[in-house]
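Q: Residue numbers (this note's numbering), protein chains in the order written: chain A, 115 to 439; chain B, 762 to 1066; chain C, 0 to 554.
Quick caveat, the hints were computed from the structure, so don't treat them as lab data. One or more hints might be untrue.
Derived DSS-like pairs: lysine-lysine, alpha-carbon spacing no greater than 27 Å straight-line [as the list claims (entries may be wrong)]:
hint, chain 1, residue 1, chain 2, residue 2
1, C, K66, C, K257
2, B, K928, C, K298
3, C, K439, B, K928
Pairwise CB distance ranges (calculated) [what the hints assert, rightly or not]:
hint, chain 1, residue 1, chain 2, residue 2, range
4, C, K298, B, V902, 41 to 47 Å
5, B, P835, C, D534, 34 to 40 Å
6, B, P835, C, W223, 56 to 62 Å
7, C, K369, B, G840, 26 to 32 Å
8, C, T504, A, T180, 48 to 54 Å
If you want the footprint, here are the derived chain A segments under chain C, 3+ residues with CB under 8 Å [stated by the list, open to error]:
hint, segment
9, 140–149
10, 157–171
11, 198–206
12, 276–284
13, 373–385
14, 396–404
From a predicted model like this one, the values you see are computed outputs, not experimental measurements. Note that CB positions come from ideal geometry on N, CA and C, so glycine has one too.
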Amino acid sequence: MLAFTVRRLLQSVIVLFVMSIIVFLGIYAIGNPVDILINPEADIAEQEATIRRLGLDKPVWTQYFTFLTNVLQGDLGTSFVHNEPALLIILERLPATMELAVGAVGLAIIIGIPAGIIAGLYPDSIIGRGIMAGSILGFSLPTFWVGLMLIMLFSVMLGWLPASGRGDTVGFLGVQVSFLTWDGLTHIFLPAFNLALFKMSLVIRLARAGTREVMLQDYIKFARAKGLSNVRVIGVHVLKNILIPVVTVLGLELGSVIAFAVVTETVFAWPGIGKLLIDSIGNLDRPLVVAYLLMTVTMFIIINFVVDILYSLLDPRVRLGDMKA
Amino acid sequence: MNMPDSILEEKTGVVEGQPPWRRFASDFCESRLAVAGLTIFVLIALSAIFAPWITPQDPYDLMQIDILDGRLPPGSVSGEMTYLLGTDDQGRDMLSGIFYGLRTSLSVGAASTLIALFLGGSVGLIAAYFGGRVDTIIMRVADLQLSFPAILIALILVSILGQGVDKIIIALVGVQWAYYARTIRGTALVERRREYIEAATCLALSHRRIVFRHLLPNCTPPLIVVGTVQVAHAIALEATLSFLGIGIPITEPSLGLLIKNGFDYMLSGDYWISFYPGIALLITIVSINLVGDQLRDVLNPRLQR
Amino acid sequence: MKIRLISFAAAFAMTTLAPVMASAADLTVGLASEPSSIDPHYHNLGPNNEMRRHIFESLIWQDEQQKLTPLLATSWEPTSETTWEFKLRKGVKFHDGSDFTARDFVYTACRIPTVPNSPSSFTIYTSAMKKIETPDPHTLIIHTEKPYPLLPVELAVWGIISATANGVTGDITFNPDGTGCGITSFPQTKEFNSGQATIGTGMFKYGEYVKGDRYVMNRNDAYWGEGTEWDTVTFKPITNSAARVAALLAGDVDFISKPPTQDLERLESEPDITLSSMGSNRVIYLHMDQYGPSTPGVKGTGAPDGTYEGEGPCATSACEKNPLLDRRVRQALSKAINRDAIVDKVMGGYAVAAGELLPQGFFGTNEGAKPEAYDPEGAKKLLVEAGYPNGFELVLGTPNDRYINDAKIAQAIAQMFTRVGIKTSVNAMTKSVFFATRNKYEFSLYLAGWGSGTGEMSSPMRALVGTRDKSRGLGGTNRGRYSNPVIDDMIMEALSTVDDDKRATLLAESSRMAMEDYAILPLHFEVTIWAHRSDLSYGARADQYTMAIGINSKK
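This is chain A alone, in the form it adopts within the complex:
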């Protein structure tokens, strides 16, 4: 366990280091943020002064070294665009994305598991096939297209739900959340559903495959022979068996949902970190992009770690020592 943790930690540091170099150099290579940020009325002297002010006149290695020194002191840099610490800006926006991601994963599970079990129990029925066809569609439809269709249908044509933004928020445990207000809830539904669609298909498939496999097992036959009701068989045995893959999905996909939120947040103007990333790439705001990536990568490393631990707890056959660190 300890060896596993240490190995993971070392590996994570290397990943973060390599990542920071690649992204730092990559964004440096695209261009100079001053080119887009500066007022075009500025003359050549002012343009040069601005480049100096932001330290962009120094060689890239010097810039990277400065960055690295600051990171080791806990400072991920100051955003070129907003003149505030990059980490602070991201943390400010993180609750919005987390809320969206949790909502999406929640929807995916609430709808996905029952649908998947039904599809697994009756694979040849119309319902079963319908659910599978739907899940194929869920995989195939590009997120942004679905997002716009949802806006078209529910906001413009039917006028039921708001088209964009986050709505009213209230403080909850020190962060601003929108799911506690009715206005906020109406705002979060469409983007969360949009984001959930892909994961829902995944959950459906996992649940279906799990159900089908479990239903063939001897112990299920035994349980049935014992005269246990269908509800109990499914509720206890099937659900228990598909729980492991779903826990993995819960964890791993939460990360991927956060990454995919980039698209949904862009369509629904949801003020989370995904939209921040796209805007920052557009503005070549290197400190923010690098900080975002370092933070997401760290988050992924933690999520993976936790999932592995949980996995070993749930399934005694898995031992951490055997796992790839």
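Using the hints provided, position chains B and C relative to the given structure of chain A.
A: Same frame as chain A, now just chains B and C:
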């Protein structure tokens, strides 16, 4: 309900008699949906390949398009041209645009998949065959990459590489190679322990010959499954990147970019600019996924059918 | 702070004379671009400046047509070639209750050069001031080193913050060296974002700012002037244009800026929605590489006549001859463009074909300057005369997310060039990549836009046409590198002529010369559009700014 062992063995192609590909074909044809998917996909692929000969217009040739014909509804006639699916804002015939867009989308999808398959496959084979430290390092990198979502990696790669068809392909390869590496390694590890490899090793055949002539052919079925699914993923991913404004240059629109352009017109009633490319993309991806789905069922011996 | 604001609001609520319906007095505005900060002196760019004007007022106001009108200064005049006198408004109070005096102006001028990390500093508007005298609290005498006619308009660009509210009580002496006039600590950007330092004299007060989501402002009931009818205005950045339109249609917002061209018809057909529009001073133009004997991206012109020296890709790799040095070729390009078709088909009628870099009626324009007539035959003839009977190949660079329909315009132009025999392909890219590429001189021909902050011809002439010269401050954005010493001298002379009539004549003449030489090809002026609820009206502006100040409900 249990699967007789003989069927299982037949599926892996050990038992003589019915050739494995025929068995495979008849298994595949069990699902009418999959056959329909395959048929549609073949039609789409053909129309993409032969686009220059079957489209009424070359949408990239600026001599042939006229801005004054912009945003005509489907069925409009202007001069000698009849625009069956209307025109976009630049006066491009949508029908031609879709065929050419399919060409771009499919070739980006296919090229990135093939390159990733080749690279990832070779790397995975090497890892499996040699094992030890090589295996550890390669698979560690692949696992690490797979633990990050594809869209994030693609986003980083494209934002570093810049715009362009070639850049998109590189980014998609960068995203996909690990899937193949892991898949082929898993299969190869099982195959490596089989008698025919032992026999080949005893015959003192070269590494290369063993790997490519004996190991590889027996590892292809799962690779095909992953490959089919990944083509669809690649196409959807490219469309998403184009939507975010960091993909294909606007002058060679893929389906994703056509939808993005149309996305701006959706609310104004010019539905055809986004609707038809969207449908084309949808049909393409769904047909590929239908085929992939059935392939997975057919080629996965664990699942009882 | 919050408590103080609330108690203020409560105190004034009791004395408010005109009660407005609570539901009608809230306004939500969907913005196409988001300010990067609330700090009024951090980032000198349109989205920041339009938000700034609600809270922090400047000495002088620019009206809808960018004409200068009194704001915190009631009058101003040059007392000599290098001295200006400003009379300040009396009885103006900051949001915290402190009085506005000349001291606050000096304090602000001292802060501007010290803002750390500013990606676009306001120093370009303060550097002309060499000495500031404050003979009494409501008089300013500003000395410039050279005659500087642009001083009043530049003082309209930056907003004034309170010295007292930021803890400075004594006298402040202006020092032009940009080190802060001996004041050791100015409020930081983050203090403005949090509202702590966001204390101005404007008709709106800071309410709440959530980056990326909303900026809420409340009415300043103690405003010195007429003030606003809105209790609360919420600005929401919705950068995706389709989503912005959808938000308006769904009733989430009452007012949006920049609805996309293609949705205008739809919006017009909605009975509850009205469009406001105004011809802007933003010109969309083509810059042509007129620097060296060879140029990148051109094919079919043969070997260059000389060797390329200086910055640019042709210094290191082989390029073909630069046809754009020939005035006839530039003229042919201009004639090949069907500006009316672009206006009609690409811009949906919401643009005005351009014959100069500023629209008719603005300061320094030539009366009756007409856009080049569409003449493809004439263009072909000119190409033959110039020695290119078979034309050549050209690449047109353009951003695809910066100006209204930018990439579509470029594609339309490429079609038109191709029709006269110049086979043109479009290289469209996102703005960050575009500007980086352009600044490395990798384009022979590129499309871009210019909005004049000052509303006079000196702005585009100085930046786009003047020869790139650091010491003279010319050619800051002249990446086509056109160079004409005669025009340069005229611009320089105009920039130091305080007499308005003389300056206007000089600028008009320099513009006429540049147009005649096809130094740059103006295409059209954007017409800015706002879409809003039909019971609202907007004082549409030539500078494209979206401000709640101009939004009123119809009575």
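Q: Where does the structure disagree with the numbered hints, that is, which hint numbers, in rising order?
A: Per hint list: zero violations.
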